[in-house]
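*Asks:* Residue 174 in the numbering used here is what sits at position 170 of the sequence shown, and the numbering runs on without skipping anything.
A few of these clues could be false.
To be verified - Below, simulated SDA-like cross-link-like pairs (lysine to any residue); rule was C-alpha separation at most 25 Å, straight line:
id, residue 1, residue 2
1, LYS323, THR311
2, LYS265, PRO44
3, LYS265, PRO7
4, LYS265, GLU228
5, LYS265, LEU298
6, LYS315, GLY329
7, LYS323, GLN295
8, LYS323, GLN277
9, LYS323, LEU298
10, LYS323, VAL289
11, LYS323, PRO83
12, LYS265, CYS231
13, LYS265, ALA107
14, LYS323, ALA107
15, LYS323, ASP76
16, LYS323, LEU308
17, LYS265, VAL289
18, LYS265, ILE49
19, LYS323, GLU262
20, LYS265, LEU174
21, LYS265, ARG33
22, LYS323, PRO291
23, LYS265, GLU37
24, LYS315, ARG290
25, LYS323, GLU264
26, LYS265, ILE8
27, LYS265, ALA29
28, LYS265, TRP238
29, LYS312, ARG290
Unchecked claim - Pair by pair, the computed Cβ-Cβ distance ranges are:
id, residue 1, residue 2, range
30, ALA320, HIS6, 19 to 25 Å
31, PRO291, ASP235, 29 to 35 Å
32, LEU308, ALA21, 45 to 51 Å
33, ARG313, ASP180, 46 to 52 Å
34, PRO25, ASN331, 45 to 51 Å
35, THR176, ARG319, 42 to 48 Å
36, ARG313, ARG273, 40 to 46 Å
37, GLU139, ASP180, 21 to 27 Å
38, ASN331, ALA21, 42 to 48 Å
39, ARG188, PRO7, 30 to 36 Å
40, GLN277, ARG319, 19 to 25 Å
For the record, the hints were derived by calculation from the structure and aren't laboratory data. Please read these numbers as outputs of a predicted model, since none were measured by experiment. Even for Gly, the Cβ is constructed at its ideal location relative to N, Cα and C.
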Amino acid sequence: MHPIPGPLAAAAEDVLAAHRPAEVARAARALSERYLADRPAREPIMDSDLRAAAYVLTRMPATFAAARFALDQVIEAVPDLHPRQIVDLGAGTGAMSWAAVDAFAGIERVRVVDYSAAALALARRMLAPSGAAVEHVVARLDRGDAGGDGRGAGGARADLALAGYVLGELDTAGRDAVVDRLLRSADTVVVLEPGTPAGYARVLRVRDQMLEAGMRIAAPCPHEQTCPLTDGDWCHAATRLVRSSAHRQAKGGSRDFEDEKFAYVAATRLAVQPPGARVLRHPQVRPGHVQLELCADDGTARALTVTKRDKAAFRAARKVAWGEGWN
Numbered sequence: 005m006h007p008i009p010g011p012l013a014a015a016a017e018d019v020l021a022a023h024r025p026a027e028v029a030r031a032a033r034a035l036s037e038r039y040l041a042d043r044p045a046r047e048p049i050m051d052s053d054l055r056a057a058a059y060v061l062t063r064m065p066a067t068f069a070a071a072r073f074a075l076d077q078v079i080e081a082v083p084d085l086h087p088r089q090i091v092d093l094g095a096g097t098g099a100m101s102w103a104a105v106d107a108f109a110g111i112e113r114v115r116v117v118d119y120s121a122a123a124l125a126l127a128r129r130m131l132a133p134s135g136a137a138v139e140h141v142v143a144r145l146d147r148g149d150a151g152g153d154g155r156g157a158g159g160a161r162a163d164l165a166l167a168g169y170v171l172g173e174l175d176t177a178g179r180d181a182v183v184d185r186l187l188r189s190a191d192t193v194v195v196l197e198p199g200t201p202a203g204y205a206r207v208l209r210v211r212d213q214m215l216e217a218g219m220r221i222a223a224p225c226p227h228e229q230t231c232p233l234t235d236g237d238w239c240h241a242a243t244r245l246v247r248s249s250a251h252r253q254a255k256g257g258s259r260d261f262e263d264e265k266f267a268y269v270a271a272t273r274l275a276v277q278p279p280g281a282r283v284l285r286h287p288q289v290r291p292g293h294v295q296l297e298l299c300a301d302d303g304t305a306r307a308l309t310v311t312k313r314d315k316a317a318f319r320a321a322r323k324v325a326w327g328e329g330w331n
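Whole structure, please, built from the sequences with the hints as guidance.
*Replies:* Structure, rendered in structure tokens:
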């Protein structure tokens with residue numbers, strides 16, 4: 005679990021200070037209902053400063069946490085990845101970009117592209133403490149708007165392209181077009197979606213497009229064969245984040261933490277060192293043994309029981325988390 009970086013937390017507090025808590029809470033509920041609908045959007049969902057601020061409070065922390073977890077897995081699998089320039093398509097308020105800045109030292113330029121001018125204004129403001137130069141482009145991703153292809157000035161490619169929780173807002177043709185732009189924008193691409201069957205289905209389609217483009221899968225899959233999960237099962241992971249008091253109030257909850265479930269896929273044209281397997285569920289720790297559900301590098305899903313007799317493996321099994329690699 006990665007804490008929200010101090011500069012990001014401070015920037016979020018500044019944004020929220022401009023609005024009354026009750027207004028933000030109402031806007032947050034409206035946003036939640038819209039995102040739960042999981043249908044294409046004809047207009048920007050964050051269509052006002054208030055709705056963008058509500059997103060900063062209620063969804064940006066979870067998006068950051070999920071993206072940060074996914075990037076950790078990418079870093080392990082792609083040791084030669086040292087991005088200097090990144091592009092974030094459907095960036096919203098910049099959660100994916102902040103996760104990248106937090107994960108990689110030396111990011112110099114961030115290009116954020118979104119259809120919501122209100123969201124991008126906050127993204128630029130909140131990314132300012134990162135030290136990276138920020139370029140923002142208001143563009144509709146699924147219509148070929150100028151600047152929406154993810155390339156910078158002069159058509160420059162990025163080192164890392166990101167898209168978080170955006171494909172569900174587009175129709176099928178729009179999704180394919182956005183993914184095509186992502187794959188042309190950078191040599192390493194990370195796409196994050198909700199950890200639902202629908203989100204997983206979108207991720208599988210992205211994975212197919214990545215392989216068709218000649219890229220190597222970096223995470224979460226330890227192989228490039230057909231996904232072995234069937235019978236209503238789907239690949240997703242989870243990460244826990246700490247809730248602020250304002251976050252709890254806006255979402256009407258009492259717990260001081262939240263578990264964010266997500267599906268993702270990352271691919272690259274760099275060399276890949278995948279793990280031997282990926283943990284598919286919370287490990288079941290029992291007296292004397294740990295039960296792991298794994299996706300293995302031979303393309304199969306299997307259960308593994310690690311007993312106390314293998315001390316090193318047992319210690320590792322007690323520490324490994326859902327979504328992490330296993331060797």
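*Asks:* Now tell me, hint by hint, if it's right for this structure.
*Replies:* Hint-by-hint comparison with the structure:
1. Between LYS323 and THR311, the direct Cα distance comes to roughly 14 Å. Compliance with the 25 Å bound is thereby established for this hinted pair.
2. The suggested pairing of LYS265 with PRO44 holds, with an alpha-carbon distance near 21 Å, which does not exceed 25 Å.
3. Restraint check for LYS265 and PRO7: the C-alpha separation of about 17 Å stays at or below 25 Å, so the hint holds.
4. The straight-line distance between the Cα atoms of LYS265 and GLU228 is roughly 23 Å, inside the 25 Å bound, and the hint therefore holds.
5. Proximity of LYS265 to LEU298 is assessed by CA-CA distance (about 18 Å); at most 25 Å being required, the pair is judged to hold.
6. Restraint check for LYS315 and GLY329: satisfied, since their Cα atoms lie roughly 19 Å apart, inside the 25 Å limit.
7. For the hint pairing LYS323 with GLN295, the CA-to-CA distance comes to about 12 Å; that is within 25 Å, so the pair holds.
8. For the hint pairing LYS323 with GLN277, the CA-to-CA distance comes to about 21 Å; that is within 25 Å, so the pair holds.
9. Restraint check for LYS323 and LEU298: the C-alpha separation of about 15 Å stays at or below 25 Å, so the hint holds.
10. A C-alpha spacing of about 10 Å is found between LYS323 and VAL289, which places the hinted pair at or below 25 Å, so the restraint holds.
11. Restraint check for LYS323 and PRO83: satisfied, since their Cα atoms lie roughly 22 Å apart, inside the 25 Å limit.
12. About 19 Å separates the Cα atoms of LYS265 and CYS231, which keeps this hinted pair within 25 Å; it holds.
13. A distance of roughly 20 Å separates the Cα atoms of LYS265 and ALA107; the hinted pair therefore holds under the 25 Å criterion.
14. Pair hint LYS323 plus ALA107 holds up; C-alpha atoms about 21 Å apart against a cutoff of 25 Å.
15. Of the supplied pair hints, the one linking LYS323 and ASP76 holds, its CA atoms being roughly 16 Å apart against a limit of 25 Å.
16. At roughly 15 Å between alpha-carbon atoms, LYS323 and LEU308 fall within 25 Å of each other, so this suggested pair holds.
17. Proposed proximity of LYS265 and VAL289 is supported: the alpha carbons are some 21 Å apart, at most 25 Å.
18. Proximity of LYS265 to ILE49 is assessed by CA-CA distance (about 21 Å); at most 25 Å being required, the pair is judged to hold.
19. Proposed proximity of LYS323 and GLU262 is supported: the alpha carbons are some 20 Å apart, at most 25 Å.
20. Among the hinted pairs, LYS265 with LEU174 is consistent with the structure: their alpha-carbon atoms are about 21 Å apart, no more than 25 Å.
21. With a C-alpha separation of about 19 Å, the suggested pair LYS265 and ARG33 falls inside the 25 Å cut-off, and the hint holds.
22. With a CA separation close to 15 Å, the supplied pair LYS323 and PRO291 stays within the 25 Å bound.
23. Of the pairs offered as hints, the one joining LYS265 and GLU37 holds, with about 17 Å between alpha carbons and a cut-off of 25 Å not exceeded.
24. The straight-line distance between the Cα atoms of LYS315 and ARG290 is roughly 15 Å, inside the 25 Å bound, and the hint therefore holds.
25. Between the alpha carbons of LYS323 and GLU264 the distance comes to roughly 20 Å, so the proposed pair stays at or under 25 Å and holds.
26. Annotation: proposed proximity of LYS265 to ILE8 holds, straight-line Cα distance about 17 Å (limit 25 Å).
27. Under the criterion of a C-alpha separation no larger than 25 Å, the hint pairing LYS265 with ALA29 is consistent with the structure, at around 22 Å.
28. For a cut-off of 25 Å, the pair hint linking LYS265 to TRP238 stands: about 12 Å separates their Cα positions.
29. For the proposed pair LYS312 and ARG290, the alpha carbon gap of about 10 Å is at most 25 Å, so the pair holds.
30. A hinted range of 19 to 25 Å for the beta carbons of ALA320 and HIS6 is consistent with their spacing of about 21 Å.
31. In this structure the supplied range 29 to 35 Å holds for PRO291 paired with ASP235, their Cβ-Cβ distance being about 30 Å.
32. The hinted range of 45 to 51 Å is satisfied by LEU308 and ALA21, whose Cβ atoms lie roughly 50 Å apart.
33. Look at ARG313 against ASP180: about 50 Å separates their beta carbons, and that is inside 46 to 52 Å.
34. Distance hint for PRO25 and ASN331: a CB-CB separation of about 47 Å, consistent with the stated range 45 to 51 Å.
35. The supplied range of 42 to 48 Å is met by THR176 and ARG319, whose beta-carbon atoms lie about 46 Å from each other.
36. In this structure, ARG313 and ARG273 meet the distance hint of 40 to 46 Å, their C-beta atoms being roughly 42 Å apart.
37. Checking the proposed 21 to 27 Å range against GLU139 and ASP180 shows it holds: the Cβ atoms sit about 25 Å from each other.
38. In this structure, ASN331 and ALA21 meet the distance hint of 42 to 48 Å, their C-beta atoms being roughly 47 Å apart.
39. Our hint of 30 to 36 Å for ARG188 and PRO7 holds, since their Cβ atoms are close to 34 Å apart.
40. GLN277 and ARG319 have their C-beta atoms about 23 Å apart, which keeps the hinted 19 to 25 Å range intact.
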